[in-house]
Amino acid sequence: MQVVGKARRRVDGRAKVVGQLRFADDLALPRMVHCKLLRSPHAHAEIESIDISRAEMHPGVHLVLTGKDFPIPFGIMPVALDEHALARERVRFVGDPVAAVVAKDEATALEAAERIEVKYRLLPTIATPQEALAHPETRIHDYGEQGNIHRNQAYEFGDVAEALAKADHVFDDVFFYEGNTHLPMEQQASLAAVEGDGKLTLSTSTQNPHYLHRQLARVLQMPASQIRVIATPNGGAFGGKCDPANHEMVVSKAALILGRPVKICLTREEVFYQHRGRHPVLMRMRTGVTKDGRLTGMHLQTLLDGGAYGSHGPASTFYTGVLTPVTYELPRFRFEACRVFTNKPPCGPKRGHGTPQPRFGQEVQLDKIAEKLRLDPAEMRMRMVTKADSLTANWLKIGSTGLAECIRKVVEISGWKDKHRKLPAGRGVGLACSAYMCGAGVSIYWNKMPHSGVQLLLDRSGQVTVLCGATEIGQGSDDVLAAIVAEVLGISTVDVRVLTGDTGLTPVDLGSYSSRVTVMVGNAAMQAAGRVRDLIVAAAAEQLDTLPGRVILSQGRVFAAEDSNKAMSFVEAVALAETKFGTLGAVGSYSPPKAPGRYKGAGVGPSPAYSFSACVVEAEVDPDTGWITVPRIWIAHDLGRSINPVHARGQVIGGVYMGLGEALMEEQVFRRLPPKLSSALVHRIPSMLEYKSITSLDMPEVEVALIEDPDPNCPFGAKEAGQGPLLPVMPAVANAIHDAVGVRIDELPITPDKVLAALALKAQGKEPRIGPEKFPHVPYPQPMFVLPPWEGGDGNELKKPARKTAGVAAS
Amino acid sequence: MSAVARVEHRPNVHLSLRVNGEEVEVSFAPYKTLLEVLREDLGLTGTKHGCELGECGTCAVLVDGEPLLSCLTLAIECEGRSVETIEGLARGTELHPLQAAFADHGGSQCGYCTPGVIMTAKALLDREPNPSRERIKEATAGNLCRCTGYNQIVESIEHAAKEMRSCK
Chain A
222 MQVVGKARRR VDGRAKVVGQ LRFADDLALP RMVHCKLLRS PHAHAEIESI
272 DISRAEMHPG VHLVLTGKDF PIPFGIMPVA LDEHALARER VRFVGDPVAA
322 VVAKDEATAL EAAERIEVKY RLLPTIATPQ EALAHPETRI HDYGEQGNIH
372 RNQAYEFGDV AEALAKADHV FDDVFFYEGN THLPMEQQAS LAAVEGDGKL
422 TLSTSTQNPH YLHRQLARVL QMPASQIRVI ATPNGGAFGG KCDPANHEMV
472 VSKAALILGR PVKICLTREE VFYQHRGRHP VLMRMRTGVT KDGRLTGMHL
522 QTLLDGGAYG SHGPASTFYT GVLTPVTYEL PRFRFEACRV FTNKPPCGPK
572 RGHGTPQPRF GQEVQLDKIA EKLRLDPAEM RMRMVTKADS LTANWLKIGS
622 TGLAECIRKV VEISGWKDKH RKLPAGRGVG LACSAYMCGA GVSIYWNKMP
672 HSGVQLLLDR SGQVTVLCGA TEIGQGSDDV LAAIVAEVLG ISTVDVRVLT
722 GDTGLTPVDL GSYSSRVTVM VGNAAMQAAG RVRDLIVAAA AEQLDTLPGR
772 VILSQGRVFA AEDSNKAMSF VEAVALAETK FGTLGAVGSY SPPKAPGRYK
822 GAGVGPSPAY SFSACVVEAE VDPDTGWITV PRIWIAHDLG RSINPVHARG
872 QVIGGVYMGL GEALMEEQVF RRLPPKLSSA LVHRIPSMLE YKSITSLDMP
922 EVEVALIEDP DPNCPFGAKE AGQGPLLPVM PAVANAIHDA VGVRIDELPI
972 TPDKVLAALA LKAQGKEPRI GPEKFPHVPY PQPMFVLPPW EGGDGNELKK
1022 PARKTAGVAA S
Chain B
11 MSAVARVEHR PNVHLSLRVN GEEVEVSFAP YKTLLEVLRE DLGLTGTKHG
61 CELGECGTCA VLVDGEPLLS CLTLAIECEG RSVETIEGLA RGTELHPLQA
111 AFADHGGSQC GYCTPGVIMT AKALLDREPN PSRERIKEAT AGNLCRCTGY
161 NQIVESIEHA AKEMRSCK
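From first to last, the protein sequence lines stand for chains A and B.
Just so we're aligned: 454 in this note's numbering is position 233 of the first sequence, and the numbers increase by one with no gaps anywhere.
Just so we're aligned: 125 in this note's numbering is position 115 of the second sequence, and the numbers increase by one with no gaps anywhere.
Read the hints as simulated data drawn from the structure, not as lab findings.
A portion of the hints provided could be inaccurate.
Claimed, not checked - Okay, derived cross-link-like pairs now, SDA-like style, lysine to any residue, Cα gap no bigger than 25 Å in a straight line:
1. B:Lys-172 - A:Glu-922
2. B:Lys-147 - A:Glu-335
3. B:Lys-147 - A:Lys-593
4. A:Lys-913 - B:Arg-20
5. B:Lys-42 - A:Gln-241
6. A:Lys-987 - A:Glu-592
7. A:Lys-630 - B:Arg-20
8. B:Lys-42 - A:Glu-922
9. B:Lys-147 - A:Lys-227
10. B:Lys-147 - A:Gly-281
11. B:Lys-42 - A:Asp-843
12. A:Lys-325 - B:Glu-165
13. B:Lys-147 - A:Asp-919
14. A:Lys-975 - A:Asp-843
15. B:Lys-42 - A:Asp-326
16. B:Lys-147 - A:Asp-326
17. B:Lys-42 - A:Pro-852
18. A:Lys-325 - B:Lys-172
19. B:Lys-42 - A:Arg-243
20. A:Lys-325 - B:Lys-147
21. B:Lys-147 - A:Glu-592
22. A:Lys-325 - B:Ile-86
23. B:Lys-42 - A:Trp-848
24. B:Lys-172 - A:Glu-592
25. A:Lys-913 - B:Arg-145
26. B:Lys-172 - A:Ala-228
27. A:Lys-913 - B:Ile-86
28. A:Lys-913 - B:Gly-53
29. A:Lys-325 - B:Ala-151
30. A:Lys-227 - B:Glu-165
A quick note: this is a predicted structure, and the numbers were derived from the prediction, not measured.
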């Protein structure tokens, strides 16, 4: 291959280093006016009245909007349309937008916003899932399962009670994973304008222009064909720009009313309120193992703190369990999950979406199992990795897997065998593995249309233009598109022009989420390029007097395999094809394969392919201060094939970085103000200085091994690299700290104070563990029972199971 | 939602700045930061912002060769001083070695922090042509990046330093 697998400057690389890449806030239009949002200072209150008259009269103000202007609710998921662009009767978290001012400049808009008088009637606030369950009478939403339970579900794949009863050991652990946020460097910005043709254009920092397009049409009550959404290059996203956002609705409406371009850029503080980040998750994991360390069954219970709105919550809830059985052979699996509303900024998808939390729990628990059974954690895992072309207990189809090779490789390059349980006191190594999906198998809204579409345009000049709805969020999706097309057509990525993320010009692609771009966009691009190649080959074969099957396209040349003197340039061949067939172009599309699971809920988890990772972290712990230093991390990631190894490696290191931050310091946490200050539930740290993230000085060197085991479902075999490599880092850190100082920190982030507290327990001869003590009673429903594939199941729910009833949810 | 300081409406100031080697006349409200004047009044949107509070390093530019956070610098303080931004780095269409290295070695993913990092790195390499990895990390520690995990930023700066030394 000439392009795929070769280190190259990415197609959008130059624009980024010369300052020419235009992010949303870099856009400006003639007659543009500016928008600011007034946000709620209360975590939970009824809006009794809003008086905007003083704001409207303020000089320089063009428009003031309130909830009355937005009667239609929206949300990313059809089952959770629970947001209004501006709050109508009620605010549900500090930062919930209440009104918007459009003025000649930002300063004027802010001044006017201060003149809006909102009368609130304060309501009791819910700070935690435990409070949410205990106080169903303080209902945050009037929809959902009951009280403050948004989603509540239970599945059982085989009789887990029996599997645990027959196990040699049952490990019962409770873990907590604190919430954290994406913290993209770019604050969200949007510019809406009514174009000369009377249609609305919204240029905005979004990962999902297609879903936003649909929600805009809904909220504005306009035909979608009258709206064009342009996803500007995202300055980092990590899941935080997936949801359609209030400010996007507001500026669109304002532009339609005023007939002038309206722009907004959130402040950094507002980005913390927009959030949609990692759900805080409390989890209990009861796992049966044989004496040689094989799993017999697992009962996983999760409790998600959803924050104030639905967001991706229904999917997030599933993801706290469904991918758990993908890494290791797990004969039986029971999974109960509950998401509750609280009066905090809404949680949603962040890199790994719901999967890092149970992955942390499982990999730390496996470390405890290996310790107890006196097994090597790497060898124990190696013996039970899932096999290629197999099914999991919950009916996910695994295609290729390089997990065993990942473990072997990371053990080798880290010197694991010479380090684990062998380093001097205060130093240790920890290992963990993971798996992730390469694109969600089902769209966010039900339909049978393609998940990704690509259109190719070529003409006699030899130029090749790729159009696709995919969104460049920094991960390199434009480069993947260009590389795949260039590889198929035997040209260079320099010869390809890429136009993406524009609902007015590009075919629908669902967006940059669930690590779907390389596989889905790539497959669509391969199909389109293949169709164009067929036309070029047919025309060239005639001219070269050879058979189409003998025509080779390579390095900008088109020639006959038997005689390379029978040749022409790519440009000449394109002109011949245009002569023969007329105007040249082709489309390609991609839909994921149908998943084998047939039970209700089987749509979350299936993917065309899964990536796998194994990671070793080395940690040093200062016993006097509890300070943790991570000098080095080794990670092997099975990505099928790298399209561009420089940037594949960059994705892996970036994932490791974010995981390390979550392991050691990142947390989106809240505190209650004292009663004399309204008891409001406020964000503890809505600033970049106080929301601690890793700097260049803290970041260790990461040694990356890319494991290439091409997957037949993927373009040139390439799987994802953007999310999977984050997953094993947090548990590997926790396991390394245990190896270093013999304490278990079963909650994230692992901060020095927790390490010191655990060391103090150890010194007192108590169990050296810091973490949640118990899992609360959660009223999970009766589980849906599905037989695993190896117990004769057909993937459907077993309505009348010929089995003894499994025990009700343990409390 | 928080109390907003009243902006006093004073007449614009009118002054000359030396930006990327060119004298520019610009008129702006006196409270404006260098960041705002560069982006809003001079159309130089290559300089980005991540917090406007001096926390993230995204808006770093060079003032008289020193990296400075343009969000914390009043533009009127820059009269008669030399301001360098990312737009001034390339010579025509030829990239500065730092720009080429960031594009080729993964130093830039989403590209949003990139201008600030490159300008900070330029100040370092102008003074220290052969810095150690530790020194590079130290010099760029004020520039937050959420994409790269920094390893490839450091490598890009090393590549550029090598290239710049070989060109001398």
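Against the structure, the hints:
no. : hint                  : in the structure
1   : B:Lys-172 - A:Glu-922 : holds (20 Å)
2   : B:Lys-147 - A:Glu-335 : violated (43 Å)
3   : B:Lys-147 - A:Lys-593 : violated (41 Å)
4   : A:Lys-913 - B:Arg-20  : violated (38 Å)
5   : B:Lys-42 - A:Gln-241  : holds (23 Å)
6   : A:Lys-987 - A:Glu-592 : holds (18 Å)
7   : A:Lys-630 - B:Arg-20  : violated (66 Å)
8   : B:Lys-42 - A:Glu-922  : violated (40 Å)
9   : B:Lys-147 - A:Lys-227 : violated (28 Å)
10  : B:Lys-147 - A:Gly-281 : violated (46 Å)
11  : B:Lys-42 - A:Asp-843  : violated (46 Å)
12  : A:Lys-325 - B:Glu-165 : violated (45 Å)
13  : B:Lys-147 - A:Asp-919 : holds (9 Å)
14  : A:Lys-975 - A:Asp-843 : holds (13 Å)
15  : B:Lys-42 - A:Asp-326  : holds (13 Å)
16  : B:Lys-147 - A:Asp-326 : violated (39 Å)
17  : B:Lys-42 - A:Pro-852  : violated (43 Å)
18  : A:Lys-325 - B:Lys-172 : violated (49 Å)
19  : B:Lys-42 - A:Arg-243  : holds (22 Å)
20  : A:Lys-325 - B:Lys-147 : violated (42 Å)
21  : B:Lys-147 - A:Glu-592 : violated (37 Å)
22  : A:Lys-325 - B:Ile-86  : holds (23 Å)
23  : B:Lys-42 - A:Trp-848  : violated (42 Å)
24  : B:Lys-172 - A:Glu-592 : violated (48 Å)
25  : A:Lys-913 - B:Arg-145 : holds (22 Å)
26  : B:Lys-172 - A:Ala-228 : holds (19 Å)
27  : A:Lys-913 - B:Ile-86  : violated (33 Å)
28  : A:Lys-913 - B:Gly-53  : violated (32 Å)
29  : A:Lys-325 - B:Ala-151 : violated (37 Å)
30  : A:Lys-227 - B:Glu-165 : holds (18 Å)
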